[in-house]
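One letter stands for each residue in the lines below.
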Amino acid sequence: MKPRQTGWFVKLCAFFALTYLTVPILVIIPLAINSSDYLRFPPQGISLRWFMTVLESSAWMGSAAVSLQIALTSTLLGVSLSMLAAVALVRARIRFKQAVYALILLPMIVPNIISAIAMFFFFADIQLGSGSLAIIIGHTVLAVPVSVIILCATLQGVDSRLESAALSLGADRFTAFRRITLPLIAPGIASAAIFAFLSSFDELVIALFMASPSTQTLPVRIWNAVLFQLDPTIAAVSTLLILVSALCLVAANTLSMRFKARM
Amino acid sequence: MIQSTKPFVSRGGTELRLEGVTKLYAGTAAVDRLDLTVAQGEFVTLLGASGSGKTTTLMMLAGFTQADSGRISIGGRDVTALPPGKRNLGVVFQNYSLFPHLTVAQNLAFPLEMRKLGRAEIKDAVLRALEIVHLPDKAERYPRELSGGQQQRVALARAIIFHPQALLMDEPLGALDKNLREHMQIEIKRLHASLGATIVFVTHDQEEALTMSNRVAVMDNGKIAQIASPRAIYEEPLNRFVASFIGQSNFLPGKVLGGRGDGFVVQLTTGDKLNCRGPHQPAPGDEVLAVVRPEHIAVYREAQIDGHRKTISGKVVDTLYLGHTIKLEVCLADGTRLMTQSTSAALDGVVPPPGSAVQLDLGSRSIWCIPAVEEAK
Ligand SMILES: Nc1ncnc2c1ncn2[C@@H]1O[C@H](COP(=O)(O)OP(=O)(O)OP(=O)(O)O)[C@@H](O)[C@H]1O
Ligand SMILES: [Mg+2]
Numbered sequence: 001m002k003p004r005q006t007g008w009f010v011k012l013c014a015f016f017a018l019t020y021l022t023v024p025i026l027v028i029i030p031l032a033i034n035s036s037d038y039l040r041f042p043p044q045g046i047s048l049r050w051f052m053t054v055l056e057s058s059a060w061m062g063s064a065a066v067s068l069q070i071a072l073t074s075t076l077l078g079v080s081l082s083m084l085a086a087v088a089l090v091r092a093r094i095r096f097k098q099a100v101y102a103l104i105l106l107p108m109i110v111p112n113i114i115s116a117i118a119m120f121f122f123f124a125d126i127q128l129g130s131g132s133l134a135i136i137i138g139h140t141v142l143a144v145p146v147s148v149i150i151l152c153a154t155l156q157g158v159d160s161r162l163e164s165a166a167l168s169l170g171a172d173r174f175t176a177f178r179r180i181t182l183p184l185i186a187p188g189i190a191s192a193a194i195f196a197f198l199s200s201f202d203e204l205v206i207a208l209f210m211a212s213p214s215t216q217t218l219p220v221r222i223w224n225a226v227l228f229q230l231d232p233t234i235a236a237v238s239t240l241l242i243l244v245s246a247l248c249l250v251a252a253n254t255l256s257m258r259f260k261a262r263m
Numbered sequence: 001m002i003q004s005t006k007p008f009v010s011r012g013g014t015e016l017r018l019e020g021v022t023k024l025y026a027g028t029a030a031v032d033r034l035d036l037t038v039a040q041g042e043f044v045t046l047l048g049a050s051g052s053g054k055t056t057t058l059m060m061l062a063g064f065t066q067a068d069s070g071r072i073s074i075g076g077r078d079v080t081a082l083p084p085g086k087r088n089l090g091v092v093f094q095n096y097s098l099f100p101h102l103t104v105a106q107n108l109a110f111p112l113e114m115r116k117l118g119r120a121e122i123k124d125a126v127l128r129a130l131e132i133v134h135l136p137d138k139a140e141r142y143p144r145e146l147s148g149g150q151q152q153r154v155a156l157a158r159a160i161i162f163h164p165q166a167l168l169m170d171e172p173l174g175a176l177d178k179n180l181r182e183h184m185q186i187e188i189k190r191l192h193a194s195l196g197a198t199i200v201f202v203t204h205d206q207e208e209a210l211t212m213s214n215r216v217a218v219m220d221n222g223k224i225a226q227i228a229s230p231r232a233i234y235e236e237p238l239n240r241f242v243a244s245f246i247g248q249s250n251f252l253p254g255k256v257l258g259g260r261g262d263g264f265v266v267q268l269t270t271g272d273k274l275n276c277r278g279p280h281q282p283a284p285g286d287e288v289l290a291v292v293r294p295e296h297i298a299v300y301r302e303a304q305i306d307g308h309r310k311t312i313s314g315k316v317v318d319t320l321y322l323g324h325t326i327k328l329e330v331c332l333a334d335g336t337r338l339m340t341q342s343t344s345a346a347l348d349g350v351v352p353p354p355g356s357a358v359q360l361d362l363g364s365r366s367i368w369c370i371p372a373v374e375e376a377k
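If you read the protein sequences in the order shown, they are chains C and R. Here UniProt numbering is used: the first residue of the first sequence is 1, the next is one more, and so on. Here UniProt numbering is used: the first residue of the second sequence is 1, the next is one more, and so on.
Per the computed footprint, the stretches of chain C lying under chain R, defined by three or more beta-carbons under 8 Å from a beta-carbon of chain R, are:
no., segment
1, 157-166
2, 173-184
Quick list of simulated restraints, FRET-style, between CB atoms:
no., chain 1, residue 1, chain 2, residue 2, range
3, R, S69, C, A88, 25 to 31 Å
4, C, S245, R, A120, 46 to 52 Å
5, C, F16, R, G148, 46 to 52 Å
6, C, L103, R, V373, 57 to 63 Å
7, C, T254, R, E19, 54 to 60 Å
8, C, R258, R, A120, 32 to 38 Å
9, C, L103, R, E19, 40 to 46 Å
10, R, A120, C, G129, 56 to 62 Å
11, C, S214, R, A120, 53 to 59 Å
12, C, L72, R, E145, 33 to 39 Å
13, C, S58, R, N95, 57 to 63 Å
Simulated from the structure, these hints should not be mistaken for lab results. Note that the structure is a prediction, hence the values are computed from the model and not measured. Backbone N, C-alpha and C fix where the C-beta goes; we use that ideal spot for every residue, glycine too.
With these hints in hand, go ahead and build the complete structure from the sequences.
Here it is in structure tokens:
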């Protein structure tokens, strides 16, 4: 079937929607390449000095390292847990499947601030306190719903009879999963990982609650900087963050296109 | 064509046996106290309407579905509780189930890798298997780069490459067009002959079942209505279900008059007497149904008495002209309707008009009869 021609009205709507979504984000970029000492719009002159300031600042780079470390760890944990959940939800015959699924998605529905408060008191109770471990656990909880959604959808697309075939050819369940299912859902795992990574890398509320002086993630440092020293470094940091997110999304898209081409 | 089937031949097959096997889904039996023995090297086809339990039976044999009761054995060994991978059966699924991310060669190597064979050995076996299914040049292709028939052959090769004790195939030719289907039927038969494999084949295509099998099991509602050679299934159906499921049948009611030779004589409700035979020797007075195939009835336009053969008179109700064949619906004296099917040549190309009188000749051999009332199983 030939794709239908899109009418001008639809195109116009799409244009406004995209503008509405992107302009506020893109406004930050001219602010970052500003040569003046203050946040000014329009910029006074073009310079990359604020980027240099960020890249040379041990505080900012330290936060970037903390963020990266936390995001990678919670992605690994979150995606691994989600994989177990997704296999059970899609392949196993379990009771109350819908209810279990809803329960797993809960962290996405409950406002982050609520989760953050709950975890804060709970962690205090079990003497976990604040710091990287606390943030990693918090972010793992946030990473699970998005990963489970992606992994469930991917697994549903893989014919379970392929696993049956592998079993009949002499594989045990684990081997069948590793040799057949896993390679087939690899693109799904990658995109789940990308979204899990982003959900942690961008996250402020939980990180703010659990932050200790030595574990300030990038969003937390930005938050503090906005409160105490509003200057173009923040715009530069934000621009770098946007860049990371954009790259991740491009990667996710490329992966899913490759996947579709292969099937 | 290279025919290096040597290593596969020696293994032959093994006996498969289902005893009183039942599978319930939500309280209703998909397979109902089924007994089936497939002899070593035999080709048995499960034939039946959709939902009659063919796939369920096959999947219980393969081990993917657990039977609720009964016993399954392979080569005399009880495998009821054995997982699929341990049963050493080659399974060909209806949708082929080739691994899409692996090449043809990797697909074929998979079962051998699971059996921890050496690399060189695997390579050899893959090449040989590809020769057997006439695809020696497709080793490095991915399944999506093959036609339906080629994928089918790869699936077949993958199912035989590890010398399974038997082959189970669930409508393996269902998705193929007619020409390819006939070609694959021949290939599978050839494979059966050369490997001496035990094969259980599922289809709902009667012709396929009759041409390919040593025995056909006609399934109805989770039970085997009859299991017999293709000839017996067609010529000597055990009951009304099989008679009307395999081809077409007319059922002429009558009463047994008495025995004669190894058969018996039946008086139809039209008054005509026929020499009959049946699955059992019935007692005089028993009600029976004479099973008459439309294509076994010769139609004449005027009364003809030919030696001691007698004809039955009737009136044409409806006609169907198909070029090479002419079908008639005829009403007999007692009101029974029956269908006839003659070649156009036999009627000299003339279609008797509705309302005209015809004489029906049921042939010289004795007519197959089944009990009119079937004992409930
Ligand atoms: N997983 C299942 N859950 C519930 N009912 C099932 C299941 N599998 C099969 N059935 C039922 O069991 C009966 C037999 O199914 P089966 O698949 O064996 O039929 P079949 O003879 O293979 O039919 P077809 O020719 O359509 O493939 C059907 O009534 C079907 O609805
Ligand atoms: Mg079926």
